[in-house]
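Engineer: Using the sequences provided together with the hints, build the complete structure.
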Amino acid sequence: MKKVWFKSLTALVTIAMLSLFLAACSGGNSSQGSTGSSGNSGEEKVRLKVYAQHFDDDTSKPFDYAVEELKKEMPNVEIVLDPAVQDGYQKLKTYAATGNMPDIFETDWVTLQTFAKSKNVLLLDEFEETTAFKNKLNPGVEGRLIAPDGHIYAFPFTGIEFQILYYNKEIFEEAGIEVPIKTVDQLAEAAKKLKEKGYVPLSIFAKEKWIPTALYQGFVTREEAMGYGKLDEAGVTELPESFITAAHQLRTLQEAGLFDVNATNTNYDQASSLFYTGKAAMFVNGQWEIYSSQEKLGDKVDWMYWPAKDEETYEKTKYAVNGSPSPGGFAVSPSTKDPELTVKVASFLAQKAAEYKYAQLGSPIVSVKVDKEITAEIPPMMQRIADEILPNATDYAVALNNVSIKNVLDDNTQSMLIDGFSTEQFIKNLNSVLAKENK
Amino acid sequence: MDRYLSNKKAILIFLLPALLAYTVVLISPVLQTMYRSFFEWDGLGTAVFNGLDNYKEMFQDPLLMTSLRNGFIFSVVLVVFQIGLGTILALACADPRVKFRKMLKTAYFVPVILSVTVVCQLWIAMYDPTNGLINKLFQIMGISYQQNWLTSPTVSIVAIAFVNAWQFMGYQFSLLYAGVKSIPEQYYEAATIDGCSKWMAHRKVTLPLMKETFKFCFIIAITSGIGAFVQMLIMTNGGPGTSNYTLTFMIYRYAFLENKYGYASAISVLLVAISLVATMIINKVFDRKDG
Numbered sequence: 001m002k003k004v005w006f007k008s009l010t011a012l013v014t015i016a017m018l019s020l021f022l023a024a025c026s027g028g029n030s031s032q033g034s035t036g037s038s039g040n041s042g043e044e045k046v047r048l049k050v051y052a053q054h055f056d057d058d059t060s061k062p063f064d065y066a067v068e069e070l071k072k073e074m075p076n077v078e079i080v081l082d083p084a085v086q087d088g089y090q091k092l093k094t095y096a097a098t099g100n101m102p103d104i105f106e107t108d109w110v111t112l113q114t115f116a117k118s119k120n121v122l123l124l125d126e127f128e129e130t131t132a133f134k135n136k137l138n139p140g141v142e143g144r145l146i147a148p149d150g151h152i153y154a155f156p157f158t159g160i161e162f163q164i165l166y167y168n169k170e171i172f173e174e175a176g177i178e179v180p181i182k183t184v185d186q187l188a189e190a191a192k193k194l195k196e197k198g199y200v201p202l203s204i205f206a207k208e209k210w211i212p213t214a215l216y217q218g219f220v221t222r223e224e225a226m227g228y229g230k231l232d233e234a235g236v237t238e239l240p241e242s243f244i245t246a247a248h249q250l251r252t253l254q255e256a257g258l259f260d261v262n263a264t265n266t267n268y269d270q271a272s273s274l275f276y277t278g279k280a281a282m283f284v285n286g287q288w289e290i291y292s293s294q295e296k297l298g299d300k301v302d303w304m305y306w307p308a309k310d311e312e313t314y315e316k317t318k319y320a321v322n323g324s325p326s327p328g329g330f331a332v333s334p335s336t337k338d339p340e341l342t343v344k345v346a347s348f349l350a351q352k353a354a355e356y357k358y359a360q361l362g363s364p365i366v367s368v369k370v371d372k373e374i375t376a377e378i379p380p381m382m383q384r385i386a387d388e389i390l391p392n393a394t395d396y397a398v399a400l401n402n403v404s405i406k407n408v409l410d411d412n413t414q415s416m417l418i419d420g421f422s423t424e425q426f427i428k429n430l431n432s433v434l435a436k437e438n439k
Numbered sequence: 001m002d003r004y005l006s007n008k009k010a011i012l013i014f015l016l017p018a019l020l021a022y023t024v025v026l027i028s029p030v031l032q033t034m035y036r037s038f039f040e041w042d043g044l045g046t047a048v049f050n051g052l053d054n055y056k057e058m059f060q061d062p063l064l065m066t067s068l069r070n071g072f073i074f075s076v077v078l079v080v081f082q083i084g085l086g087t088i089l090a091l092a093c094a095d096p097r098v099k100f101r102k103m104l105k106t107a108y109f110v111p112v113i114l115s116v117t118v119v120c121q122l123w124i125a126m127y128d129p130t131n132g133l134i135n136k137l138f139q140i141m142g143i144s145y146q147q148n149w150l151t152s153p154t155v156s157i158v159a160i161a162f163v164n165a166w167q168f169m170g171y172q173f174s175l176l177y178a179g180v181k182s183i184p185e186q187y188y189e190a191a192t193i194d195g196c197s198k199w200m201a202h203r204k205v206t207l208p209l210m211k212e213t214f215k216f217c218f219i220i221a222i223t224s225g226i227g228a229f230v231q232m233l234i235m236t237n238g239g240p241g242t243s244n245y246t247l248t249f250m251i252y253r254y255a256f257l258e259n260k261y262g263y264a265s266a267i268s269v270l271l272v273a274i275s276l277v278a279t280m281i282i283n284k285v286f287d288r289k290d291g
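Chains A and B, in that order, give the protein sequences. Following this note's numbering, the numbering of the first sequence begins with 1 at its first residue and continues without gaps. Following this note's numbering, the numbering of the second sequence begins with 1 at its first residue and continues without gaps.
Please note that the accuracy of each hint is not assured.
[Stated by the list, open to error] Just the calculated beta-carbon pair ranges, DEER-fashion: (1) B:Tyr55 x A:Pro83: 37 to 43 Å; (2) A:Ser273 x B:Lys136: 18 to 24 Å; (3) B:Asn131 x A:Glu340: 54 to 60 Å.
Read the hints as simulated data drawn from the structure, not as lab findings. Yeah, the Cβ is synthetic: ideal placement off N, Cα and C, and Gly gets one too.
Structural biologist: So this is what it looks like as structure tokens:
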């Protein structure tokens, strides 16, 4: 009797613990594919969960506009926003791992590659909506829609974004620096003059590793129009000459004092504040910074083309743009209940976000053609981009797809901004990863 | 009551929930990580068995040496500062002749209750090479020693380890202080009668009797150093380059930035193994002195 009692109790405790464990681990697929009906008013409403960036004016306004437009176009669709966090898409990956993917999600090429392998993203190739989207694409931005493997995974709303060098005209004038700066040597000279005057020559938020990498690519594109795309090629097991030249240039500029001593530990707020308070003469960021810089510095600010090794190269490669078209935008989950409708909504959101950027912000760097008039006052720097770069662009850099090479590149370009890190170390480290990844 | 305590089945029943919870929360993840370390897996797709490849790759990874070296430096800084200084402060606070002892005890413990982020931001500001307090202090004192505390590949690991040591010194201090206070006062009286000086009494009475406390403190300090991560992430993001990487930072990079979960699992196994070996060595060293 005693034994029976003991066995029963043991079994009961074990079952209780296991139930708790399994319940905890099941992840709950109850919310998977949040498409469903809501309300009981008669008309069936389709609810779609959208994971999108929505944290500042730059990200929330185009999205909110797109959602408002969607309400007019498809009143039966209700968008449930799941605001994205800036976590390198870890939250999204967790959704994928637990089978809770939102119907539509905004993501980048690195994440899309992983999702494509694990079948967590719907292939958009065969949808009618995709063909329609493709037909509306602005010329030259195909790489934002069509992935290097030939497939389409997401609808982009921005065009090919790129990095530029901003400068404060007043400080340059005060230091007696002539513009445009065409060569790396002239930039090094300018750095010395600015430092003597007590300014930080170039403010850079190099605590984020992508920005020194973007800066380095600026010099690389003067030598190699493909940019980092060259490092992805099979058989490239050593750093190409163009990259070595650019590395030497970066070192020369570091030694000339172009960067603040604390550059690798400076975040965006600190770096932009240095530039906007007139303590730094130059600033490097994407063309999206134009709105902020124009608002904060008005007529004092302008941008310049990336310098080259000599004036001839500068003129010849001036329009090789430091920006890579990588696929990204609104992608669709394979678990969404009505793929046709969800794809249509994803495409609509992307197009309307592009429309907002174009018509209301005056940005010509959008993915699709917009048939609305620009209502905003276009900042002069953006107008320069529209007049000078976009019609004349000879090449856009090609995106680097290999994450391992990209990470080593990020680490080493960041190290190039500090004292004591040599070009030889840079070359050695890059050669090591290239030999491993591209053999 | 005795009837139940001598009943092994009853003991088992009462232990079972805790044992199950422990297995689910601790043992199972460790075993799963060990299992995953033999696969090439991106965290989402199908895992492909690749035997010992992850381990072979790990031992050829240049980041491994950097991470091991940094883990070692971090541990040394923690041991020297937290246990060394912590002991001195504990002895001082236990001495009735020291004034304001209560206030000092509170003061040493205050950093422990602060958030790591707050502490790191505070020290980032103090380490600033141009406007930071540390360099300014040297300047005021007429010392020409100026450093790029967080951007120098050689100095930054020590600077970061110091922040961790400073923040959690109060925790070690409280353990050491409790250890000192647990020694009966009669032992010191006997030592004084035998002609021992204060220092000699500490050497002959306090330190030997606090062996167990020290053992525990050493294990905490050394394993914390080997697995350090948060301070590096907040203060320098592992940079410049990879100069502030530790094993945990490697795991973070390969799992979350490169989607190499199998490889990251192999590094996790190494981290657990090193921590276990370190703990065993510390136990061995302290046990040997017993005999």
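Engineer: All hints, please: hold or fail.
Structural biologist: Do the hints match the structure? See the list:
Remark: the range hint 37 to 43 Å for B:Tyr55 to A:Pro83 is upheld by a beta-carbon distance near 40 Å. A beta carbon spacing of about 20 Å between A:Ser273 and B:Lys136 agrees with the range 18 to 24 Å that was offered as a hint. In this structure the hint that B:Asn131 and A:Glu340 lie 54 to 60 Å apart at CB holds, the actual value being about 59 Å.
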